[in-house]
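Keeping their order, the protein sequence lines are chains A and B. If you're matching positions, the first sequence starts at 350 in the numbering used here and goes up one per residue. If you're matching positions, the second sequence starts at 350 in the numbering used here and goes up one per residue.
What the hints contain is simulated information worked out from the structure, not anything from laboratory work. Keep in mind that the hints are not guaranteed to be accurate.
Repeated chains share a single entry, so a pair holds when one copy, or any two copies, can fit it.
What the hints assert, rightly or not - In silico BS3-like cross-links for lysine-lysine, where the CA-CA straight-line distance does not exceed 25 Å: (1) 413 <-> 389; (2) 372 <-> 359; (3) 372 <-> 413; (4) 405 <-> 372; (5) 413 <-> 351; (6) 389 <-> 359; (7) 372 <-> 351; (8) 351 <-> 405; (9) 359 <-> 405.
Protein chains: 2
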Amino acid sequence: MKAVVSVTLKPDVLDPQGEAIRKACGSLGHAAVTGVRQGKLFEVELDAADEAAARKLVEELADKLLANTVIEDYRIERIEA
Amino acid sequence: MKAVVSVTLKPDVLDPQGEAIRKACGSLGHAAVTGVRQGKLFEVELDAADEAAARKLVEELADKLLANTVIEDYRIERIEA
């Protein structure tokens, strides 16, 4: 199975990299872009009996390894068979 | 509107960072994890009349700025009002 997990900075945490991208959008003539935040994406291939087991494992990995939950939130975007 | 875009390395491109994470999963006792690939996630806030306009703008940004389409693929994960 493949699980896709996104990890993003919590809303209160400053993101200078995202801000630099927003400015670059403005320089390219896309003033309609009012904000950009950058995060990380993890595609995890795993052996699991079913989707529930996969979700449990991925949540544990995200908590322990993929995200720093002090400053980051994670979200399981999808789990594919 | 908020658009969420993921950028991942093309399947043929090596990903040593993902491989390091896979090994760390193994060290933590999660041998069920057979592969990890790391990518980037962008949350883009933008002014657009409707979802179609937002999608068009985000595709242009992804092509020009967010992804290096020689070695990366992008995917619009979702567009939220």
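Quick rundown of the hints versus the structure:
1. 413 <-> 389: Both. Shortest intra-copy (15 Å) and inter-copy (19 Å) distances satisfy the 25 Å Cα cut-off.
2. 372 <-> 359: within (21 Å within a copy, 27 Å between copies)
3. 372 <-> 413: Answer is between; shortest inter-copy Cα gap is 14 Å, intra-copy 34 Å.
4. 405 <-> 372: Only across copies: residue 405 and residue 372 sit 19 Å apart there, 39 Å inside one copy, limit 25 Å.
5. 413 <-> 351: For residue 413 and residue 351, only the intra-copy Cα distance (19 Å) is at most 25 Å; the inter-copy one is 29 Å.
6. 389 <-> 359: both (13 Å within a copy, 16 Å between copies)
7. 372 <-> 351: between (35 Å within a copy, 17 Å between copies)
8. 351 <-> 405: Result: close within a single copy only, 13 Å intra versus 28 Å inter.
9. 359 <-> 405: within (22 Å within a copy, 28 Å between copies)
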